[in-house]
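J.: As a plain string of letters, each chain reads:
2 protein chains.
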Amino acid sequence: MPDMPDLTRRRLLAAGTFAPLALGATRAAGQQAHGTPLAGDFLLPDRPGEKLRWAVVGLGNFAVGEAIPGFIDSRHARMTAFVSGSPAKQKDLGSRFGVSRFYDYANFDSIANDPEIDCVYIILPVGLHAEYTIRALKAGKHVLCEKPMASTSAECEAMIAAAKAAKRQLGIAYRIHFEPTNVLARQLIEHGEIGDIRFVSADHGFNADPQYGPHKWRLEKALAGGGSMFDIGIYGLNTSLMALGREPDELSARYIYPRDDPRFREVEGGIEYRLRMADGVSVVGSSSYSWNPYISQQRYMGSKASLFMKPATTYNRNTITIEGNGPTREVGAGNPLTQFAAQIDAFSLAARANTPHKTPGEMGLRDIRLIEAMYRSADNGGEIVKL
Amino acid sequence: MPDMPDLTRRRLLAAGTFAPLALGATRAAGQQAHGTPLAGDFLLPDRPGEKLRWAVVGLGNFAVGEAIPGFIDSRHARMTAFVSGSPAKQKDLGSRFGVSRFYDYANFDSIANDPEIDCVYIILPVGLHAEYTIRALKAGKHVLCEKPMASTSAECEAMIAAAKAAKRQLGIAYRIHFEPTNVLARQLIEHGEIGDIRFVSADHGFNADPQYGPHKWRLEKALAGGGSMFDIGIYGLNTSLMALGREPDELSARYIYPRDDPRFREVEGGIEYRLRMADGVSVVGSSSYSWNPYISQQRYMGSKASLFMKPATTYNRNTITIEGNGPTREVGAGNPLTQFAAQIDAFSLAARANTPHKTPGEMGLRDIRLIEAMYRSADNGGEIVKL
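Top line first, the protein sequences correspond to chains A and B. In terms of this note's numbering, the first sequence opens at residue 4 and continues consecutively. In terms of this note's numbering, the second sequence opens at residue 4 and continues consecutively.
If you are wondering where the hints come from, they were derived from the structure by calculation, not from laboratory data. Be careful, since some hints might not be right.
Same chains, same names: a pair is fine if it fits in one copy or spans any two.
To be verified - Straight-line C-alpha distance at most 27 Å; calculated DSS-like pairs for lysine-lysine:
| # | residue 1 | residue 2 |
| --- | --- | --- |
| 1 | K307 | K219 |
| 2 | K224 | K307 |
| 3 | K219 | K141 |
| 4 | K313 | K92 |
| 5 | K389 | K224 |
| 6 | K141 | K167 |
My request is simple: use the sequences and hints to build the entire structure.
T.: Written out as structure tokens, the structure is:
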């Protein structure tokens with residue numbers, strides 16, 4: 004059991020295969036253990052008084068498979084509540100993760116009266132982000148909201164205003180900022196490993212064909228907010244800007260899918276864009292819902308070397324290849340699954356100190372504004388939009 | 004000796020390491036042999052009367068290392084003359100390749116009176132392409148001219164007019180059209196292996212620092228015509244359009260190098276561009292003289308699969324990776340060195356029949372016009388240029 008890969012352990016746990024008592028033994032495998040869990044309450048924190056208490060809102064695939072397991076290795080957070088329209092899901096997950104406080108979407112606002120909730124993690128369809136984020140802030144809770152932040156920049160602005168009014172923190176769950184291989188890539192770039200960056204390319208896409216998976220919500224604007232750029236292209240956008248550490252001053256974009264594809268009546272099926280930095284660097288990105296296979300890759304072309312990531316932004320395996328500046332070498336940086344725990348911990352510390360999270364609402368707003376500018380450009384034949 | 008890799012054999016031959024008599028034995032290694040060479044005249048053709056007779060103009064690194072060795076395996080061409088300003092180079096190469104007719108740039112026009120020359124292969128700096136191509140056409144010879152075709156589209160037009168006036172063929176040496184792995188890539192795409200193409204990216208660059216190699220001529224506009232796009236970016240441009248089999252109707256481009264890099268006073272050090280097809284496909288390309296290491300890669304994103312080439316357009320090793328549409332697989336397609344012989348043979352057959360070469364002057368003109376349009380766009384902040 005201690006040799007079981009962490010990924011498998013989590014998947015089994017998420018699937019309910021492990022009994023709670025088994026977790027204590029597996030927890031030390033590949034991860035730092037923070038004490039011995041008590042029998043029957045394996046998620047009881049080591050120093051419970053110091054852990055922020057979280058409500059998870061929305062129990063869909065991503066929540067169950069990735070976000071919730073992230074709490075297992077968290078040092079500063081523990082789950083205390085689930086918000087869902089499905090009592091069955093709450094009961095099942097509650098028994099597995101030691102969570103017993105359940106809310107639904109009708110009585111959600113009553114979390115204001117629950118002192119066992121410090122932070123709320125919004126993992127709902129994008130179209131519901133603004134509403135539930137604002138309701139949680141009004142209830143006096145700090146909010147970590149999944150990416151993309153909301154359907155429109157106006158919604159993002161309202162969310163930021165609500166956080167300010169409530170004097171609470173609002174973070175956007177850009178997990179890549181906490182993913183070890185991406186963190187290493189940024190450090191390598193900052194430390195001059197590839198020299199001056201000349202050019203960045205970022206391509207992210209997959210085939211969102213409803214017949215191949217639960218993609219239907221992705222194609223509905225009311226739920227998804229936008230198309231491929233909202234869902235998958237935002238990784239390339241946000242990560243490129245993270246690595247460059249500066250903002251573009253103009254952009255242009257073009258749609259890249261057949262206009263007659265019936266899937267893409269409400270949201271774009273693909274788009275490619277150019278961001279221009281004042282110093283002459285271009286970031287060229289693309290995203291698509293009509294590529295096969297899943298592609299997640301980014302390349303940083305430098306004066307000394309090229310840093311390539313493929314895959315670049317997955318949950319569980321990212322790789323850096325550096326070419327030039329010595330022999331070609333592949334670099335990884337630890338277990339990518341730690342990104343979920345690291346993100347929850349970072350937000351917990353920000354909430355406790357009531358200081359901004361590393362990826363705050365303002366970053367989410369910036370990205371939605373950039374995507375809206377891409378749509379404006381693409382709607383007008385690729386015209387240049389000044390930012 | 005028969006097991007010696009073809010590449011090594013050619014390099015040694017080009018370097019003068021092999022005595023002529025040794026070639027007969029090595030010729031069959033990995034290549035189809037077309038008869039037994041005669042002792043002392045190893046380049047005597049099998050059916051000499053059926054081989055077109057070529058003059059090679061310019062004996063620089065590329066001519067000696069790549070183009071001239073291509074004649075060894077040619078079935079329809081043989082070299083009969085060298086044109087150079089260096090009698091020593093002519094003598095040395097002449098003794099190795101069985102060529103004894105030597106011209107210099109002063110008496111070049113007298114090739115008109117030499118019945119032992121059918122075709123002329125122009126391997127001069129770009130700034131001299133138009134002049135020597137037109138002089139050779141006026142001398143009544145067919146001309147294969149290296150890429151890029153010339154410094155300006157006006158020069159290209161004059162070259163095409165000269166070919167028409169002389170009733171001779173003018174081809175541009177786009178070797179990739181004859182390189183087996185690229186030919187296979189085009190066939191795979193045509194036969195639907197990756198489905199409908201959604202997006203194409205092409206990146207080609209290297210570090211043209213004079214301290215690292217004979218790059219000085221590349222930075223002089225009078226010799227090179229243009230910068231990274233002329234020299235290396237043109238591969239991505241031409242090859243993408245070859246694979247797509249259709250032409251763009253607009254483009255935009257931005258320079259991607261620091262404006263204050265002292266190397267790039269005369270020609271651009273890097274540029275990235277977007278070609279738009281009427282059907283909504285974008286080709287996004289880049290080229291640079293300030294990247295490290297050498298990068299040559301192209302990706303075709305399709306509805307069924309992705310076809311990736313890295314390296315894509317080298318002399319001696321190109322690889323296709325297909326992801327999606329079954330297990331990921333790498334594909335090669337025979338000895339890339341055959342591209343040089345295949346190109347010479349194809350042009351020889353075109354010249355003999357006096358019908359257009361596969362990559363005619365008009366294709367060279369198209370590419371120079373596209374690059375000029377890129378420069379116009381980049382000079383105007385990336386404005387869209389209608390084609």
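J.: Determine which of the earlier numbered hints do not hold for this structure and return their numbers in increasing order.
T.: 3, 4
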